[in-house]
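Colleague: Residues per chain are reported as follows:
Number of protein chains: 4
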Amino acid sequence: MAKIKVGIINVTGYAGSELARLLYRHPFAEVTSVAGRSAAGQKLGQVFPHLADMELSITAELEGRIDIAFSAMPHKASAEAVLPLLEQGVRVVDISADFRLKDPAAYPEWYQFTHPAPEALCSAVFGLPELYRKRIKKAQLVANPGCYPTSAILAMAPAIKAGIVEPDVIFDSKSGVSGSGRALSLTTHFCEAGESVSAYGLEGHRHLPEIVQELTLLNRHRPVSVTFIPHLIPMTRGILTTSYARVKKGKLVGGKDELRKLYQDFYAGEPFVRVTGAPPSTKHTYGNNMCLLHPVLDSRTNRLVVVSCLDNLVKGAAGQAIQNMNLMFGFPETAGLEALAVYP
Amino acid sequence: MAKIKVGIINVTGYAGSELARLLYRHPFAEVTSVAGRSAAGQKLGQVFPHLADMELSITAELEGRIDIAFSAMPHKASAEAVLPLLEQGVRVVDISADFRLKDPAAYPEWYQFTHPAPEALCSAVFGLPELYRKRIKKAQLVANPGCYPTSAILAMAPAIKAGIVEPDVIFDSKSGVSGSGRALSLTTHFCEAGESVSAYGLEGHRHLPEIVQELTLLNRHRPVSVTFIPHLIPMTRGILTTSYARVKKGKLVGGKDELRKLYQDFYAGEPFVRVTGAPPSTKHTYGNNMCLLHPVLDSRTNRLVVVSCLDNLVKGAAGQAIQNMNLMFGFPETAGLEALAVYP
Amino acid sequence: MAKIKVGIINVTGYAGSELARLLYRHPFAEVTSVAGRSAAGQKLGQVFPHLADMELSITAELEGRIDIAFSAMPHKASAEAVLPLLEQGVRVVDISADFRLKDPAAYPEWYQFTHPAPEALCSAVFGLPELYRKRIKKAQLVANPGCYPTSAILAMAPAIKAGIVEPDVIFDSKSGVSGSGRALSLTTHFCEAGESVSAYGLEGHRHLPEIVQELTLLNRHRPVSVTFIPHLIPMTRGILTTSYARVKKGKLVGGKDELRKLYQDFYAGEPFVRVTGAPPSTKHTYGNNMCLLHPVLDSRTNRLVVVSCLDNLVKGAAGQAIQNMNLMFGFPETAGLEALAVYP
Amino acid sequence: MAKIKVGIINVTGYAGSELARLLYRHPFAEVTSVAGRSAAGQKLGQVFPHLADMELSITAELEGRIDIAFSAMPHKASAEAVLPLLEQGVRVVDISADFRLKDPAAYPEWYQFTHPAPEALCSAVFGLPELYRKRIKKAQLVANPGCYPTSAILAMAPAIKAGIVEPDVIFDSKSGVSGSGRALSLTTHFCEAGESVSAYGLEGHRHLPEIVQELTLLNRHRPVSVTFIPHLIPMTRGILTTSYARVKKGKLVGGKDELRKLYQDFYAGEPFVRVTGAPPSTKHTYGNNMCLLHPVLDSRTNRLVVVSCLDNLVKGAAGQAIQNMNLMFGFPETAGLEALAVYP
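Protein chains in written order, with my numbering: chain A, 1 to 344; chain B, 345 to 688; chain C, 689 to 1032; chain D, 1033 to 1376.
What the hints contain is simulated information worked out from the structure, not anything from laboratory work.
Careful, some of the hints might be misleading.
Lysine-lysine pairs mimicking DSS-like chemistry, simulated, CA-CA at most 25 angstroms apart [what the hints assert, rightly or not]:
(1) A:248 x B:592
(2) B:600 x A:249
(3) D:1075 x B:605
(4) A:261 x A:161
(5) C:731 x C:691
(6) B:600 x D:1075
(7) C:936 x D:1281
(8) C:731 x A:256
(9) B:481 x B:505
Just a sample of chain C residues kept apart from chain A, beta carbon distances all over 10 angstroms, derived [as the list claims (entries may be wrong)]:
(10) 810
(11) 1029
(12) 1032
Quick reminder that beta carbons are idealized off the backbone N, C-alpha and C, glycines included.
Please work from the sequences and hints to get the whole structure.
Modeller: Laid out in structure tokens, this is it:
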């Protein structure tokens, strides 16, 4: 079987280069074009020595016929890059936020631009396979979820859907520095980020509306109140989100066994979600596409606490994008994503 | 003025060695005896090269006359070491948990031992100067707070005392690895702790009852419900606690200005608490005795969020212990604690 | 084709668990037995959550028929475990040092034990495929090189063999902490190893005789003088070795172009050695089997300086062991080792 | 006694802010003016929260009368800033390289600019107190040594001066990332620098001529051949240099005892150099002004190996600058520099 041809837009960021890394070994897909304006004309291996074996040259725009494009552009620019491709009939997984939110009014509010194609927001499918697998298979445009929202939504989906918690959730997230991207800033300077932890986005992080949207959809369209506080911690990869919600009176009377069963049933058969018996570490997902979930009941306060772990560049970005591609093209869902986490 | 003579019990742990480091430059106190059974007979500088200038030898027990003893022993052993000293009239700052809890029944429940001197729990003063300064001055025995509780209680004290939040608080804490001590464990192995984050103590961490006790005392003895989840992150020093509580209806109508004023007034004149205008980083407290507080109002959910930062070995342990000693002996409260944070 | 059956002795260390991780995706080999005395009876996934998908149980000894055993035991114990297997006709790759040195007298001197089977030292093949590929193919017993020696020998082999440098070499190596293993020690405590660098083995590190042996063999059995100083640096994986040797008078008159050609010719066709045009970083080998080499000529002092990088757990241990297995069984040399480095 | 007034030029870099941190507690000096063009108009505490207590505002140029200026400007710009001050009679410690090299021709070669005041190169004193204490006391202009050269020169000075080694030295240095400064670059991005080590400056690092100059002066003006290879390792502060030189025939026949005595005698009475009995770690100098030296004899190859450790921002920059100031103004040499290293 001929491999499908894949293009990556903005290969020069961390999500883009991670796509290239993972796709290099994909049995049914081949990267044939990589675009990145700042590095156009360079060999991929000059910019990323670990990708030297790929023998591709970076171009300003995607070149040649492609079956699917991944866009790893920043928001706003991504929509601009993706819309012409859609018109050409190319299938797209957009890693930016540009097609995640259903409400066009959210874009000026959260991202400071007017969405150029509000109608595309309806047809775009939110690319969380655990919730939207069927629709993803048929989608032309998949909006790949954010790294934080993936960890948050997967953590609370079973509880929200089952109606066992009050619709008022706190997500306290801890992210490695690669989530801030490859662009330079004092925040990501080794000497500033190392041996330190800080909270940010206290006025409202852009991933909040995405979390609220999806939890609300799970809650039969009844609004869910969400406080989301991200933190930057001194590591390169990984997100751990600790989620808190009060258990409704009369719910979860079966205690931790009932809780565990609820989560295991919800994710039964999922190749990339595992409900763990012991508290997980992000290290156990380093470089692979797994999301680890550990729900516990704080019986003193009758509060549900869920710890979720993933690699922000894999299940939180490039890996999930490939998982979506696999669904879109009818490949085995795990194709190219079978590598175990690199430990220690 | 002759310097007071100080003894340190269990100098071989991180809290003990930090006491020695800080006291070395204290203008009114001198370390004259350092005990540590595992290293008895060795020079202090053999075990800790950075303390080589102190020219002290480690003994099995404290030796010579001392005016004050700091105990950095583990719980249970600390009480056993401290009680005879109290009988001899020596003043003591105990860094362990052995005299922090007022309720003797808490010890079997949380620390798996029956307290050997329940009556001492009454006379011991909880060593948080911001709350108990007057009593600390006269105390013979000060129970130095835990690192997590210091960050948690200081974060929520103004709000709980003012009655502006519901008595139901979540503390999500992120700690550097030195909080786990110098004893060996797989958890603190560089390759296991590095590039990873995990939650622990999900069944109930031992610092919980201490937090509950103090917040309840601040709330006119009305119980405060607390969920406390600590996390281990890949850095050596520092704790950042993110605290969450719902604002009571009709409270904080003045918004963030009122909130900021409440915190600034509460801590006015405090030498070691600073209410910051921007989100703080633990790096800004590296090696010094400051606690940085940053309260914000999540107006979407009407929730108070407070970010607090400190160095777990200084304001969270040895520095606060010296602050207590300064109060007990009538020294300037900041004596020996004036060093700025080491940045970057 | 049926997969060969593989056993791993001492799977509970870092080399052992890395073997399991890499072999999990091997197309022609299957791990069927994993031994580890300290964890016998446990599921592999309990000890190593990232290996949970392997669904193996740890036993005290290898069980069932196996075609090849990897021993990741400490020295001395490894020989004891390996010798009975050899007698049973099982092929073995020994990751310990027990069969690397040709001279039996080296064992009492460097490893403090008398070798139990000096004759096996003759038949064992030093498992550096770039030097001994042919012999490895036929070997029953392959002595997998140490992590430091792999980086050192590959760096200097072309120059020593070509006779362009004086036979007096300095190797200054910087290693991540995983090289010290998973056993607990103060040296590998996060708080001691983090934010620090130190030299060790100043009296003579055990990897020295192995380096001397191989360089001498390359130099037509004329002795090569070697100073080897390893350093511990605050990262988990990776070794970078900087090698220094004086260029012989009249040699390398063609300068850096001649130097580069010498190295490229020497390693032409090697799947796991790459001569780089820019100084390499260990990060570019994270989790994969590549050794990156960068030779430069310090024309001011007429000294050859070679920078070599590899992942100590892969090309420095488990990956090279699998490369050896591939050769021994006639598999493609790169089978199971194709994954690109995980970056960033 | 009135404190002297100190100005800091380019306070916004790491050397500049470290000067401020250390001087804040100096008993005889007070920072009265801090300049930094990029941040002019801001409070010092806005740029550096750890310096908030200093209550200084950053100005474009130094303001008011000052007794001494520290320049932490980049090379070339520093000379331009310093020369007018010298004309006004202000004493200066220049942390840049602009007055370190005696040969004006070295500036175009190594720093790509023509030196604006070659005559000042004669009068400037190289600010290594262990070698030039007397001259520093009387100097108007002190050229503070580079961080690498401080670690290299102190390591080899006793051996070179005593003539026990061949005048051909290799310095293999490992530096924390703060040595690269606070300016943004991909090299210092957390995700690029973390979990990695690399060599750089392979074509000749700018600190080389400074090392050669000083070792040659120690060797009775006979040239010393030097290979110097710096490495970047994943930590914030600290330099460890491993130095290699061949022992001359007939020298050091007394072995390691003679070696140790040579070093101890050379540095007898030095407040900031310690010859250690065990291999030192950079951690033991974290935040303080000590240089730790550990000389060993590799008797197999008759090579001297010296390990030297220091904090690149303290003994390698700001601390040494203050040590020089203390000498220039007749203060106790250790004034303001007494803090012990922050460990762990």
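Colleague: Can you list which hints this structure breaks, lowest number first?
Modeller: Going through the list in order, the structure violates hints 2, 11, 12 and respects the others.
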